[in-house]
Each structure stands twice: as C-alpha cells, then as structure tokens.
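Student: Residues per chain, in single letters:
Number of protein chains: 2
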Amino acid sequence: MPEVRTIEWIGDESGYVRLIDQTLLPTAVVYRDCHTVEEIWEAIRLLRVRGAPAIGVAAAMGLVLGMKSFREDQGASYRQRLVQVADYLRSSRPTAVNLFWAIDRLVRVVAHRVDQDPPRQLTRRLLAEALAIEAEDRAMCRAIGQAGAALVGEGDGVLTHCNAGGLATADYGTALAVLFRAAELGRRFHVFADETRPLLQGARLTTWELQQRGIDVTLICDNMAAQVMKEGRVQLVLVGADRIAANGDTVNKIGTYGLAVLAQAHGIPFYVAAPSSTFDLSLARGADIPIEQRDPREVTHGFGRQTAPDGIKVYNPAFDVTPASLITGIITERGIIRPVTVEHIQRTLGGPAD
Amino acid sequence: MPEVRTIEWIGDESGYVRLIDQTLLPTAVVYRDCHTVEEIWEAIRLLRVRGAPAIGVAAAMGLVLGMKSFREDQGASYRQRLVQVADYLRSSRPTAVNLFWAIDRLVRVVAHRVDQDPPRQLTRRLLAEALAIEAEDRAMCRAIGQAGAALVGEGDGVLTHCNAGGLATADYGTALAVLFRAAELGRRFHVFADETRPLLQGARLTTWELQQRGIDVTLICDNMAAQVMKEGRVQLVLVGADRIAANGDTVNKIGTYGLAVLAQAHGIPFYVAAPSSTFDLSLARGADIPIEQRDPREVTHGFGRQTAPDGIKVYNPAFDVTPASLITGIITERGIIRPVTVEHIQRTLGGPAD
Numbered sequence: 000m001p002e003v004r005t006i007e008w009i010g011d012e013s014g015y016v017r018l019i020d021q022t023l024l025p026t027a028v029v030y031r032d033c034h035t036v037e038e039i040w041e042a043i044r045l046l047r048v049r050g051a052p053a054i055g056v057a058a059a060m061g062l063v064l065g066m067k068s069f070r071e072d073q074g075a076s077y078r079q080r081l082v083q084v085a086d087y088l089r090s091s092r093p094t095a096v097n098l099f100w101a102i103d104r105l106v107r108v109v110a111h112r113v114d115q116d117p118p119r120q121l122t123r124r125l126l127a128e129a130l131a132i133e134a135e136d137r138a139m140c141r142a143i144g145q146a147g148a149a150l151v152g153e154g155d156g157v158l159t160h161c162n163a164g165g166l167a168t169a170d171y172g173t174a175l176a177v178l179f180r181a182a183e184l185g186r187r188f189h190v191f192a193d194e195t196r197p198l199l200q201g202a203r204l205t206t207w208e209l210q211q212r213g214i215d216v217t218l219i220c221d222n223m224a225a226q227v228m229k230e231g232r233v234q235l236v237l238v239g240a241d242r243i244a245a246n247g248d249t250v251n252k253i254g255t256y257g258l259a260v261l262a263q264a265h266g267i268p269f270y271v272a273a274p275s276s277t278f279d280l281s282l283a284r285g286a287d288i289p290i291e292q293r294d295p296r297e298v299t300h301g302f303g304r305q306t307a308p309d310g311i312k313v314y315n316p317a318f319d320v321t322p323a324s325l326i327t328g329i330i331t332e333r334g335i336i337r338p339v340t341v342e343h344i345q346r347t348l349g350g351p352a353d
Numbered sequence: 000m001p002e003v004r005t006i007e008w009i010g011d012e013s014g015y016v017r018l019i020d021q022t023l024l025p026t027a028v029v030y031r032d033c034h035t036v037e038e039i040w041e042a043i044r045l046l047r048v049r050g051a052p053a054i055g056v057a058a059a060m061g062l063v064l065g066m067k068s069f070r071e072d073q074g075a076s077y078r079q080r081l082v083q084v085a086d087y088l089r090s091s092r093p094t095a096v097n098l099f100w101a102i103d104r105l106v107r108v109v110a111h112r113v114d115q116d117p118p119r120q121l122t123r124r125l126l127a128e129a130l131a132i133e134a135e136d137r138a139m140c141r142a143i144g145q146a147g148a149a150l151v152g153e154g155d156g157v158l159t160h161c162n163a164g165g166l167a168t169a170d171y172g173t174a175l176a177v178l179f180r181a182a183e184l185g186r187r188f189h190v191f192a193d194e195t196r197p198l199l200q201g202a203r204l205t206t207w208e209l210q211q212r213g214i215d216v217t218l219i220c221d222n223m224a225a226q227v228m229k230e231g232r233v234q235l236v237l238v239g240a241d242r243i244a245a246n247g248d249t250v251n252k253i254g255t256y257g258l259a260v261l262a263q264a265h266g267i268p269f270y271v272a273a274p275s276s277t278f279d280l281s282l283a284r285g286a287d288i289p290i291e292q293r294d295p296r297e298v299t300h301g302f303g304r305q306t307a308p309d310g311i312k313v314y315n316p317a318f319d320v321t322p323a324s325l326i327t328g329i330i331t332e333r334g335i336i337r338p339v340t341v342e343h344i345q346r347t348l349g350g351p352a353d
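So the protein lines, in turn, are chains P and X. Quick note on numbering that gives the first Met the number 0: the first sequence kicks off at 0 and runs consecutively. Quick note on numbering that gives the first Met the number 0: the second sequence kicks off at 0 and runs consecutively.
For reference, chain P alone in the conformation it holds in the complex:
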C-alpha cells in the first residue's frame, strides 16, 4: 500500500511543508512544497488542504514558516511578529475551528518565553508543538481504525458517504481509518462510495484514497445507495461526523440522515467514526444546531457547466442531523459507544484516553 501523506514537515526548524494539492485530485497527484507562510495561507484558502484536522496541522506548520524567517534587525519583536503571522493565518478560512485552535496552542507554548529565549529556540519550540499536533492526529486516526476494524467482516460490503479519510486529517482519516486498518489486518471487503453531491468529495477523494491503498471500491450516485442495499450488497454503513451533540445526534455531510433511514429500513448497522474532540457536549441535541445554507451555484453549476434554468430556487444545506436512535454505534479513539446514549457518551469521553 503506497502511503499518501496529506501534509508533512520536511527538515528541521528551517525546513518547509509538503502537502498534496487536493484541488487537482483525482486526475493529477501533485505535491506542493510551501516555504513561506503566504504559500500555506493560499493553500488553506484555495482548499488545496481541507478537512478540519488537516487544516489545523497546516496552520500550525504555517506559523513555523512565518517565524523561521524572523530577524531581530527588522524593527519588530518576536512577539509582535508572532501576533502578526497568527492574525494573517486566521484570515485564511475564518470559520475553520481547528485553525484557530492550532494557532492558539502554538502561541501559548512560547508565550511565557518569548522575551527571553533566542528566536531560533522559540521557533524550534513552535515546530515541536506543530509536530505534536500532527502526531496526536495520527495517533487518533490509528486508534479509531483499531477500535472499528472488527466491525468490517470478511467479504462485507461497506457503504460510505463524503470523505472522512486521510485527506481530511494528517494521516489516516476517521471512517476510512476503520477500512484501512481492516485491510491491514488482511480482511477482504468491498466499498461503495457515494459520489456526494454537490461537491463530489466521495467521487473525487474517497474513491482515490481507497484505490491508492488497493481497496476494492465502486463509485455510485447518491440516489443508488438504496438499490445497492436492497440487493443485499451492504453489510455496514460507515460515515464521519462534523459535530456530535451530547445525546449522540450527529451532524455530517448532507445525505447522511437519508442513508441512516435507509440502513434501518434494510436492517443494516449504521456507524459513525469520529474523534472525541468532535463531541460538543454544550449541545443537548442535534435539533439545536442551525443548518448552514451554501451557494446555489454548487448545485446549478456543479460541473463547470450550467445544468439548471436561470433564476431557479435552490435548497443547498451543507449538512444534516442524524438522530442517535438511527446510529448503531460511534467509533472513537477511546472505543466504540454502543448503544448511543447520553450515559455511554459521558462514560467514554470521561474515561482516560488510550
């Protein structure tokens, strides 16, 4: 299995970032080397790197790039320059929570030393923290993969939606981590990937990741999932999550809720894979979450060509909420929450991490 590295740091604190340009997938596999914070800013802005954990890692590494060129004779202090670079990076995708979180974490780690330690030592410390974020993300992906792998039975058909794979994380993904681990353990199975309209993350990214790792995958349109289930070819539905409420209601890419209803109607187990950081315990239930509407042109001009009449109304919710009652289990890096109840969630999230 060839390794796909979404993003990595090359060299010491005077090194650079190498990332795969996801806007060119799946027709071209291009790794870009970013030597400046401006290049990272652009990569995040233009979605060359996407997926919450991957954006966090990219922003952290971008901050290191921004500080490695710091010189004391440039008229600003290390602290001033750090604030400047951090603000600049925060402007790349202002709604990406992991981006803010990662930048804050790096700033905090040097905050109390910034007026005493030499610049090179501070930057080395920033890099160590960025690499720690990356390492934690990789460990989290591996732990989810390990926790869920036993759910994939020999000869099973697994249906997935959108991209909860390595391209969205530093390494291995969440839902796809389960499949990668099952494949590593020698399990043979088959994957159906929903293309996932409107932005086709399933068609463009998930099929590509599975193909790269030699896993048997078939692309379908979203409206074919029910037929594949009816034919008895799906034994497991496995998706990622954007946010999970305290009761287990799960926000994920639009189309997930419909799949959960179809899975229940066909008696097929429906699992969510997500790190414990995805849980938002301040939300009692999914109904409390407003649903974001996206640009109608994603639907009417999806393929570079206009495919609907001028002026047509469009409903384009970015995600939906799957009620906990339709979810068989949630696979986290701390184990599987099953059945999905408030108590089980609290017990799993409260316990010690592996």
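Just so you know, these hints were derived from the structure itself, not from any lab. Wrong hints could be hidden among the right ones.
Claimed, not checked - Simulated coverage check for chain P against chain X, where a stretch passes if three residues somewhere in it have a Cβ under 8 Å from a Cβ of chain X: (1) 193-201; (2) 260-268; (3) 314-326.
Cβ atoms here follow ideal geometry from the backbone N, Cα and C, with glycine treated the same way.
With chain P held as given, fit chain X onto it using these hints.
Tutor: Just chain X now, kept in the frame of chain P:
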C-alpha cells in the same frame, strides 16, 4: 401560463414538424423545424426529442415526412418506399418500444389501400393517424392530470424525481400533469425537484417545465430529499413510471425506490402517475425485471469534466423497482388504483376508459 409544445405538426400533409430541442434546455429554448425524415431520425437519435410517448409521436410524424416526397416516377412503389422509410426510422433508437409501436400502427392503417389509393391520399391518411396518436397522448395526459389533481392539497409541498413532464409526452406529462392540473384549478403548492443524477433530468427539464408554467419550484440534490421530508416540507411524493408489473411493482428512474422508503419512514403518501399502457401484465412482479446498466462515464464524466479517478469501478443502474407495498396509489387515465393490489389493477385496466 405559456404553452410549451414538445412536438407538433405544422400545416397539411405537405407540412412539417416543429419540436423543441431538449438537448439545449434549460439554457436555451430552441424550436427546430424538421422538413425531412432524416432530420427526425437525427432528432430522435441525438435525444433532441426523448421520453417514450414523445418518441412515438415523432416517429409517426417522421414517417409522414418520409412519404410526402414520394413520386411515382422514382422507380419504387409507395409500398416499397413505406417499408424503406419505416426501417430507417426504426434504426434511430432501436430499444424504444413506442417508436416501433407508432410506426407499425401507421403502416397498418394504409396497408390494405396502398396499391389502389393515390399517394397524396395515402399520405393524408398517415398524417391523420399520426395526429390521432398525438391526440390520444394529449387526452391521456389530461385524464391523468384530472384524476390526480385532488391529491395536491392547498399549501402542500410535493417532491418529484426525474422528468415525467410534458417534454416526455406530446403535451402535459404524467406526474407533472397532476401538478399542472392542480395549478389550473387554482391550487397553490410548492414543488421540490430532485436533480436526478447522473443525467440531471430533474435539474434540466422538470425545473424548467414548472418554471415555464409559473409553478413554485426548488431544486435539490437527490441526497437532500430526506432532509426536506424531515423538515415537514413534503406532503406528497409524485413520480412517473417506465413499466409496472401485474402486482403494481413499479420500474422507474434510479432513486425512486429510495424515495419510497424515505416517504414511508416519514409518513408521506407516495404516488406513481402513468398511463395504463405502462402496465406490463405479462410480468407477475418487479423482481422479474433485469436492471439495465449504463455507461460509467455518465457518472465519472458527468458534464464534460472528469470527477473520479481513472479506472474506477462504477455501478450505474438506469432504474430501480419500487415494491407495490410502498406505493400509496397509481394515478392512471382511468382513475386512481388505491390500494395497489392485483385485483384493483385488473379492475381498473379492464374497465372502460373515460
């Protein structure tokens, strides 16, 4: 409401055919005048005209065009020329049942007179038969619309899939006929049109037809239907049919079966609208019907751009089978079959037409 004419004959038996070029919809509305059988052949082949009933009408009118230029001094008899033109038209879309049916019907109507009546009179008779097929289709559409209109309640949300509209028939459509009639009766309601991957008939054609008639319509991706239902915005699901078995199992565009499961889960009535000619009583049940697989490029190269990796496997069934148990009723030109049982179907199809 402006009238959209899918296809019509202009003038007497030396006239011509005017049809809307559906390949250019919805971004351009172009009517093409066809003066020769070759132009009709091309229009059918290139899907400028599509939908089983519309193809039947086009083929019938094409035969008239092929015979109107008949001259006795060209070395072939009227009969020979008729066989030639009929064979030529049959080659335009060799799997279109209505095409064969319409051509045979025209040939039959002149068969016993072909050696005695003057050519112009024979051609006039062919035209009369072609116009009869068109008129019957129009009457069928109107009767379906009339039979189903009461199902659309004031303020309702109606969800539809693919295109069972006027563009597929000579006039008014089947599923959409119900909506057109309800609108004519002054009912106000709202339609959600599934875009219908892979070929986007919903996005390209259904939204356009409804927009033309001033009916409030919103385009959604197929995977958003469940969310719209969950929000309580759908009171009726209404689709067409390609073929219906003796027990009511219904073959229709891929995605229909999933919608029926979702409708049941949300307690929403699910209706099929189709002329009685759609029933194939030689089929006991839907499971007896093999499911046609279509070109993977419809999925991977949807609109002139590649959106999936090279060499990826694709499952692309053209249609699915919705079991009668999920169908609340079938709206035909002879009335509504409800509940959908073998006995009700036989009683309705056996009875006299309106």
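Student: Each hint needs a verdict: does it hold in this structure or not?
Tutor: Results for each hint:
1. Coverage of the segment 193-201 of chain P by chain X holds [criterion: at least 3 residues with CB-CB distance below 8 Å; count 6].
2. Residues of the segment 260-268 of chain P with a Cβ under 8 Å from some Cβ of chain X number 4, which satisfies the need for three, so the listed coverage holds.
3. Check on the segment 314-326 of chain P: 4 of its residues sit with their Cβ under 8 Å from a Cβ of chain X, so the three-residue criterion for coverage holds.
Violated hints: none; the structure is consistent with every hint.
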